[in-house]
Amino acid sequence: MRSVIMGNHALSYGAKLSRAQVIAAYPITPQTEVVELLSQLCANGDMKAKFIKVESEHSAMAASMGASATGARAFTATSSQGLALMHEVLHWAAGARLPIVMGNINRAFGPPWSIWTEQNDSIAQRDTGWLQIYASSNQEVLDSIIQSYKVAEKISLPIMVILDAFVLSHTYEVVDIPEQSIVDKYLPPLEMEYKLDWKNPHAFGGLTKPDWYYELRYQIEEAQEQAKKLIVDTGKEFKEMFGREYGLVEEYKMDDAEIVLISSSTIASTLHVVIDELREQGKKVGLLRIRVFRPFPSEELRKILKGRKKVAVIDRNISFGHEGAFFTETKAALFNEKDHPPIFGFIAGLGGRDVTPDVLKDIFNIVETTEWPEKDIYWIGVKL
Amino acid sequence: MADEKEIKWTGVKDMPPMAVSLGSMRVNKTGNWRNLRPVIDYEKCIYCFICWKFCPEPSIDIEAAQISERVDKKPVINLNYCKGCGICAEECPVKCIEMVKEEI
Amino acid sequence: MIEIRFHGRGGQGTVVASKALAEAIALEDRYVQTFPEYGVERRGAPVMAYTRIDNKPIYIRSKVYTPNYVIVMDPTLIGAVDVAVGLKSGGSIIINTEKRPEDYKNFIDKGYKVYTIDATSIAIKHRLGSKASPIVNTAMLGAVAAYTGLVGLNAVVEGVRKLSPVKKDENVMAAKEAYKIAEEVKNG
Chain S
31 MRSVIMGNHA
41 LSYGAKLSRA
51 QVIAAYPITP
61 QTEVVELLSQ
71 LCANGDMKAK
81 FIKVESEHSA
91 MAASMGASAT
101 GARAFTATSS
111 QGLALMHEVL
121 HWAAGARLPI
131 VMGNINRAFG
141 PPWSIWTEQN
151 DSIAQRDTGW
161 LQIYASSNQE
171 VLDSIIQSYK
181 VAEKISLPIM
191 VILDAFVLSH
201 TYEVVDIPEQ
211 SIVDKYLPPL
221 EMEYKLDWKN
231 PHAFGGLTKP
241 DWYYELRYQI
251 EEAQEQAKKL
261 IVDTGKEFKE
271 MFGREYGLVE
281 EYKMDDAEIV
291 LISSSTIAST
301 LHVVIDELRE
311 QGKKVGLLRI
321 RVFRPFPSEE
331 LRKILKGRKK
341 VAVIDRNISF
351 GHEGAFFTET
361 KAALFNEKDH
371 PPIFGFIAGL
381 GGRDVTPDVL
391 KDIFNIVETT
401 EWPEKDIYWI
411 GVKL
Chain V
13 MADEKEIKWT
23 GVKDMPPMAV
33 SLGSMRVNKT
43 GNWRNLRPVI
53 DYEKCIYCFI
63 CWKFCPEPSI
73 DIEAAQISER
83 VDKKPVINLN
93 YCKGCGICAE
103 ECPVKCIEMV
113 KEEI
Chain A
91 MIEIRFHGRG
101 GQGTVVASKA
111 LAEAIALEDR
121 YVQTFPEYGV
131 ERRGAPVMAY
141 TRIDNKPIYI
151 RSKVYTPNYV
161 IVMDPTLIGA
171 VDVAVGLKSG
181 GSIIINTEKR
191 PEDYKNFIDK
201 GYKVYTIDAT
211 SIAIKHRLGS
221 KASPIVNTAM
231 LGAVAAYTGL
241 VGLNAVVEGV
251 RKLSPVKKDE
261 NVMAAKEAYK
271 IAEEVKNG
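Protein chains in written order, with my numbering: chain S, 31 to 414; chain V, 13 to 116; chain A, 91 to 278.
Just chain S, with the same shape it has in the complex:
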């Protein structure tokens, strides 16, 4: 059904269609509407789920973990400071191999208080073992939730579906909300081999000595590796049933592109328009959107970027004292390649600063007219 919905409600409908059984969440701007709609759907019986009101985001994740450990499908959503408060338990959810799916609305950290978009909140959680999917439209937000349960439950790892504050979360656009019966065919009920079960009691997460802890960590890495193929395969399966396909990355006008602009989320969405305009001017430029940040699609990047003249990465995040995270990872993926192209790093749009087509054209101009990066990192649009 074609509906005009906001990004936040795309998360809620994604959870509803996935038949999430337990929702534990704490409201925070700009995530509030996700929880509002879900609590309403639970209260009026449209969703057969238990809605747990909690006293903090730490508790929201803890309750989600408890639910997931019993084999229930758990969903939560948060943003910024809320995600930071979850940090400790995020490690636990991944280590306990619980297939929780969470929505995170990218919002800048305070101080100073900001409610607008920036990726530092989710980027700060990149080492927790969670998979990270950065969506660039409301449709992709909804679809990614459904796909995430399928992937998470196969590899026993939690997944974060991430969207920009306001630019997606509060933007209304046309979204095709799929039929429940088709989603049910795509996503069967969750069956967990290891779970809290009084008929087969086990203790979980107990003290593990160095003789086996190392192997458990190796297994998480294996599962992340496995996820790469799984995301692509389940994405194709999704296309057969729903007509829309998403993979680890999205390529746009890349066939003969000499200059490649890399970004994520809504900046990558706006880049489509910029690429079209530059192509009309005869520029051989293409877009590579990194959709999945964990696991990082290093192999795909090496393949796609081979033989290109120049690469630029635009980050809406900053690892202070260094550079943007997507830039760091892109460089690392190509480092051992012989004759890899120069890679330019740009910071833009922190704290919700609007990244307009003009800003992106400025970035292209720098890349086009510069032989080799003259700076470690370029900050775009700073009022000097």
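Where hints are given, some of them may not hold.
Think about it this way: if two alpha-carbon atoms lie no more than 20 Å apart in a straight line, the pair counts; the simulated SDA-like pairs of lysine to any residue are [as the list claims (entries may be wrong)]:
{"no.": "1", "chain 1": "A", "residue 1": "Lys153", "chain 2": "S", "residue 2": "Gly277"}
{"no.": "2", "chain 1": "V", "residue 1": "Lys25", "chain 2": "S", "residue 2": "Gln254"}
{"no.": "3", "chain 1": "A", "residue 1": "Lys153", "chain 2": "S", "residue 2": "Lys269"}
{"no.": "4", "chain 1": "S", "residue 1": "Lys239", "chain 2": "V", "residue 2": "Asp53"}
{"no.": "5", "chain 1": "S", "residue 1": "Lys229", "chain 2": "V", "residue 2": "Glu18"}
{"no.": "6", "chain 1": "S", "residue 1": "Lys259", "chain 2": "S", "residue 2": "Gly277"}
{"no.": "7", "chain 1": "V", "residue 1": "Lys41", "chain 2": "S", "residue 2": "Ala233"}
{"no.": "8", "chain 1": "A", "residue 1": "Lys146", "chain 2": "S", "residue 2": "Val303"}
{"no.": "9", "chain 1": "V", "residue 1": "Lys20", "chain 2": "S", "residue 2": "Val303"}
{"no.": "10", "chain 1": "S", "residue 1": "Lys391", "chain 2": "A", "residue 2": "Ser152"}
{"no.": "11", "chain 1": "V", "residue 1": "Lys41", "chain 2": "S", "residue 2": "Leu237"}
{"no.": "12", "chain 1": "V", "residue 1": "Lys20", "chain 2": "S", "residue 2": "Gln249"}
{"no.": "13", "chain 1": "A", "residue 1": "Lys153", "chain 2": "S", "residue 2": "Pro387"}
{"no.": "14", "chain 1": "V", "residue 1": "Lys20", "chain 2": "S", "residue 2": "Tyr244"}
{"no.": "15", "chain 1": "V", "residue 1": "Lys41", "chain 2": "S", "residue 2": "Thr238"}
{"no.": "16", "chain 1": "V", "residue 1": "Lys25", "chain 2": "S", "residue 2": "Arg156"}
Simulated from the structure, these hints should not be mistaken for laboratory data. Just so you know, these numbers come straight off a predicted model, no measurement behind them.
We have chain S already, so just place chains V and A on it with the hints.
Relative to the frame of chain S, chains V and A by itself:
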């Protein structure tokens, strides 16, 4: 507990993906931690079950037994799990529990 | 692609108007994107919302800086806010006011088309909101549909019906009445 089974593995290929106990406490017996064993003198026992109440593990079971007209059960130490802490012996109001050395 | 900017005051239903328009556009199987300018919203404070309409998927995600249309829900905003900023040359301003377009000479001199509608009176007539703060959004939408031709009346009626939390019939009647008045003005 029909479907209860002990989990065994050799390496990453066959181990569970998370830290999980080797089986429940029914499989995982912990009585071998003990070097002193409580022995109840049922002649002196007044069947107050204070030992049962105080056992921290809890490794004192209550079993059916027709002791007298009024008493139809008795405390029995579960040696599969008793760790020999001696709290039962300490708390027993008539001192009918003796801690004896666990040696052959 | 058509870009629209709504100007209103917090509590007047500006954002809901933009959503109802989006619903109407979606009903006509076109692509639409609408989003409010987010800050710290307070009743009475100036607020804005943006809408984009196209026949193909909309990828641009930045704010609207050069709209084709500006919709002013409250005439007292004119002067307090530069409602015409960035408006494309030859663009249109639709104002909720008792005044006539000729009264907005400064806009006309800049080459903009000015349309007016007394949405406040229509809202009060249909008992939408209170006399002190009438909810003018649905009447404005009816006028916008007629003046701009961006969307048909049937779709607007559906959008209004869906988005009105209360008094659905009254809101629909207000939209229809404003549409009719605007049609007549437009056709001279």
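Results for each hint:
The hinted pair formed by Lys153 of chain A and Gly277 of chain S fails the criterion: a straight-line CA distance of about 28 Å is larger than 20 Å. This hinted pair checks out: Lys25 of chain V and Gln254 of chain S have alpha carbons roughly 15 Å apart, not beyond 20 Å. The straight-line distance between the Cα atoms of Lys153 of chain A and Lys269 of chain S is roughly 31 Å, outside the 20 Å bound, and the hint therefore fails. Of the pairs offered as hints, the one joining Lys239 of chain S and Asp53 of chain V is violated, with about 41 Å between alpha carbons and a cut-off of 20 Å exceeded.
At most 20 Å may separate the alpha-carbon atoms for a hinted pair to count; Lys229 of chain S and Glu18 of chain V meet this at roughly 14 Å. The suggested pairing of Lys259 of chain S with Gly277 of chain S holds, with an alpha-carbon distance near 9 Å, which does not exceed 20 Å. Between Lys41 of chain V and Ala233 of chain S the CA atoms are separated by roughly 14 Å; this keeps the pair inside 20 Å, and the hint holds. Proximity of Lys146 of chain A to Val303 of chain S is assessed by CA-CA distance (about 12 Å); at most 20 Å being required, the pair is judged to hold.
Distance check on the hinted pair: Lys20 of chain V and Val303 of chain S sit about 57 Å apart at the alpha-carbon level, beyond 20 Å; violated. Of the supplied pair hints, the one linking Lys391 of chain S and Ser152 of chain A holds, its CA atoms being roughly 13 Å apart against a limit of 20 Å. For a cut-off of 20 Å, the pair hint linking Lys41 of chain V to Leu237 of chain S stands: about 17 Å separates their Cα positions. At most 20 Å may separate the alpha-carbon atoms for a hinted pair to count; Lys20 of chain V and Gln249 of chain S meet this at roughly 17 Å.
Simply put, Lys153 of chain A and Pro387 of chain S have alpha-carbon atoms about 10 Å apart, close enough for the 20 Å limit, and the pair holds. Restraint check for Lys20 of chain V and Tyr244 of chain S: satisfied, since their Cα atoms lie roughly 17 Å apart, inside the 20 Å limit. A distance of roughly 18 Å separates the Cα atoms of Lys41 of chain V and Thr238 of chain S; the hinted pair therefore holds under the 20 Å criterion. At most 20 Å may separate the alpha-carbon atoms for a hinted pair to count; Lys25 of chain V and Arg156 of chain S exceed this at roughly 26 Å.
Hint compliance for this structure: hints 1, 3, 4, 9, 16 are not met, and every other hint is.
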